[in-house]
Amino acid sequence: MAAAAADAAEVERLYELGERLSSAKDKSEHAADYEAIIAAVKGQSVKAKQLAAQLIPRFFRSFPALATRAMSAMFDLVEMEELAIRIQAIRGFPLLGKDTEFVSKIADILGQLLTSEENVERDAVHKALMSLTRQDVKNSLQPLFKHVESGSEIREKIICFLRDKVFPLKAELLKPQAEMERFITDLIKKSVQDVTGSEFELFMGFLRSLSIFGDSAPRESFQELIEIIQAQADLDSQFNVSDIDHIERWISCMYMALPIFMRGASSTKFLNYFVKQIVPAFDKIPEEKKLDLLKTIAASSPYTAAQDSRQLLPSVVQLLKKYMPGKVVEYINHNYVECLLYTFHHLAHKTPNTTNSLCGYKIVTGQPSDRLGEDFSEHYKDFTERLTGTEETVRAASKRLTQGMADFNKAISSAKTEGEKTKIKSDQQTATRTMRSYNNILAMTQPLHMKSPSFMGDKKITLSWMEQPKKPAATIAGVKRSQPATNGNGPASKKGRGGMQNQLVNRAFEGLSYGGRGSGRGWGRGGRGRGRGWGGYR
1 MAAAAADAAE VERLYELGER LSSAKDKSEH AADYEAIIAA VKGQSVKAKQ LAAQLIPRFF
61 RSFPALATRA MSAMFDLVEM EELAIRIQAI RGFPLLGKDT EFVSKIADIL GQLLTSEENV
121 ERDAVHKALM SLTRQDVKNS LQPLFKHVES GSEIREKIIC FLRDKVFPLK AELLKPQAEM
181 ERFITDLIKK SVQDVTGSEF ELFMGFLRSL SIFGDSAPRE SFQELIEIIQ AQADLDSQFN
241 VSDIDHIERW ISCMYMALPI FMRGASSTKF LNYFVKQIVP AFDKIPEEKK LDLLKTIAAS
301 SPYTAAQDSR QLLPSVVQLL KKYMPGKVVE YINHNYVECL LYTFHHLAHK TPNTTNSLCG
361 YKIVTGQPSD RLGEDFSEHY KDFTERLTGT EETVRAASKR LTQGMADFNK AISSAKTEGE
421 KTKIKSDQQT ATRTMRSYNN ILAMTQPLHM KSPSFMGDKK ITLSWMEQPK KPAATIAGVK
481 RSQPATNGNG PASKKGRGGM QNQLVNRAFE GLSYGGRGSG RGWGRGGRGR GRGWGGYR
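Quick note on numbering: the UniProt record's numbering labels position 367 of the sequence shown as 367, and the sequence is numbered without any gaps.
Just so you know, the hints here were simulated from the structure itself, not pulled from any lab data. Any given hint might turn out to be false.
In silico DSS-like pairs for lysine-lysine, Cα to Cα no more than 27 Å straight-line [unchecked claim]:
1. K410 / K381
2. K165 / K127
3. K399 / K410
4. K269 / K327
5. K170 / K190
6. K381 / K451
7. K146 / K127
Go ahead and model the full structure; you've got the sequences and the hints to work with.
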């Protein structure tokens with residue numbers, strides 16, 4: 001009973017102190033009252049501490065000389081065991097944040113409280129942090145990003161908070177727009193030095209949504225994004241064929257870069273790495289990763305500059321000769337060949353006379369690089385024989401597949417379980433994609449038999465692994481040949497909305513369906529050993 005009476009008396013005393021401060025015209029004359037409220041934090045009464053958590057922020061700005069003591073008392077309150085005390089203190093922090101001097105420290109403490117397992121407390125932290133951020137965006141976000149950058153234990157909670165609460169309100173929070181978008185860009189650039197694949201994807205998606213990287217932004221802005229991605233891809237490191245995580249990271253980064261290549265950023269550094277580091281070790285790369293690599297090169301080829309095309313073409317022809325047989329065979333890797341032929345067409349369209357020395361063609365541009373005085377007839381014979389062998393092999397495989405596809409509907413009708421039906425439908429979809437691949441190969445080899453062939457530098461071919469356009473694609477017989485190439489400086493084909501561009505954007509930012517995500521392999525960049533890997537896309 002005595003304890004309860006003392007508790008009540010202490011609460012009553014604090015109410016009196018609060019009322020006296022509220023009614024005082026010159027509150028500075030009542031510093032002793034405010035000191036008494038601060039001192040109550042060290043007392044025994046839970047209710048008194050809860051009331052102190054209300055009163056300290058209410059009168060905080062009236063006593064600047066006591067600000068440090070008041071702040072220290074509030075920090076003590078959020079460490080107490082009683083949930084009600086902690087929540088009351090958390091709710092009071094935004095009032096303390098009206099003094100710029102303390103915003104960063106408060107944001108730092110609130111960020112650490114994001115780990116709370118109590119939903120009501122975590123909700124209070126979210127609201128307090130957002131209130132603080134609205135008051136002072138810079139000083140609130142800096143300490144949060146510092147935790148992400150340093151790799152502290154709470155980094156994942158902070159990233160979730162940024163994703164769910166801060167990023168969706170960028171139009172409200174980032175004002176003045178250009179200045180604040182640059183500010184948060186610099187914070188993100190520091191923070192992505194050691195992140196998981198999904199975290200990097202999140203940050204890059206947010207950066208791409210900013211106006212300073214929008215459609216009307218200068219090319220330099222797009223190049224800045226590419227340089228961020230290049231840093232993640234470790235393009236300055238020596239390629240190690242046994243480092244699967246690095247291969248996956250390169251593939252993922254390449255896909256993230258594709259929408260930016262479309263907007264004019266240079267792919268030179270990625271392609272240099274592919275030519276100098278990856279191609280020489282291509283035979284030793286695991287088979288499933290080879291296809292992923294070729295898909296990224298194929299997808300980027302329409303946006304490759306002429307100079308980069310000249311550098312990449314010899315490697316593409318080298319790989320084509322490896323995977324295109326010079327005679328009819330039972331099987332070819334149609335996925336590899338489709339990717340390589342697509343890449344070949346788009347690169348050769350930009351630098352057609354490079355193919356003279358590689359494939360024995362006779363394309364005239366009037367430049368010394370035409371090398372028309374040299375005899376490359378053996379190259380032409382070899383290349384066209386490989387084209388013919390590939391075509392005959394593909395036609396035979398296509399005929400067999402067509403005969404087999406007629407049985408799918410019958411098999412589905414006779415299937416006894418839903419599991420069997422699902423398996424048959426999956427096989428049917430695979431067969432359909434394979435048939436599209438065969439058709440694409442035949443469409444792309446057909447024009448290459450001429451001495452001065454036409455190269456497809458447009459969007460007539462939709463790769464089999466991309467979502468097909470809604471309108472029926474032209475049949476092989478109906479494909480119109482583009483005009484024979486005369487130089488590499490012709491007008492670029494228009495990039496229409498939809499089609500490959502939208503598909504690549506979606507593929508890059510919705511996550512790859514291959515490439516080992518979910519494998520759990522970790523990067524642990526920076527040696528911190530946290531196991532944060534590109535296999536962890538969510």
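Each hint tested on the structure:
no. : hint        : result
1   : K410 / K381 : violated (45 Å)
2   : K165 / K127 : holds (9 Å)
3   : K399 / K410 : holds (19 Å)
4   : K269 / K327 : violated (36 Å)
5   : K170 / K190 : holds (19 Å)
6   : K381 / K451 : holds (10 Å)
7   : K146 / K127 : holds (20 Å)
Consistency note: the structure conflicts with the earlier hints numbered 1 and 4.
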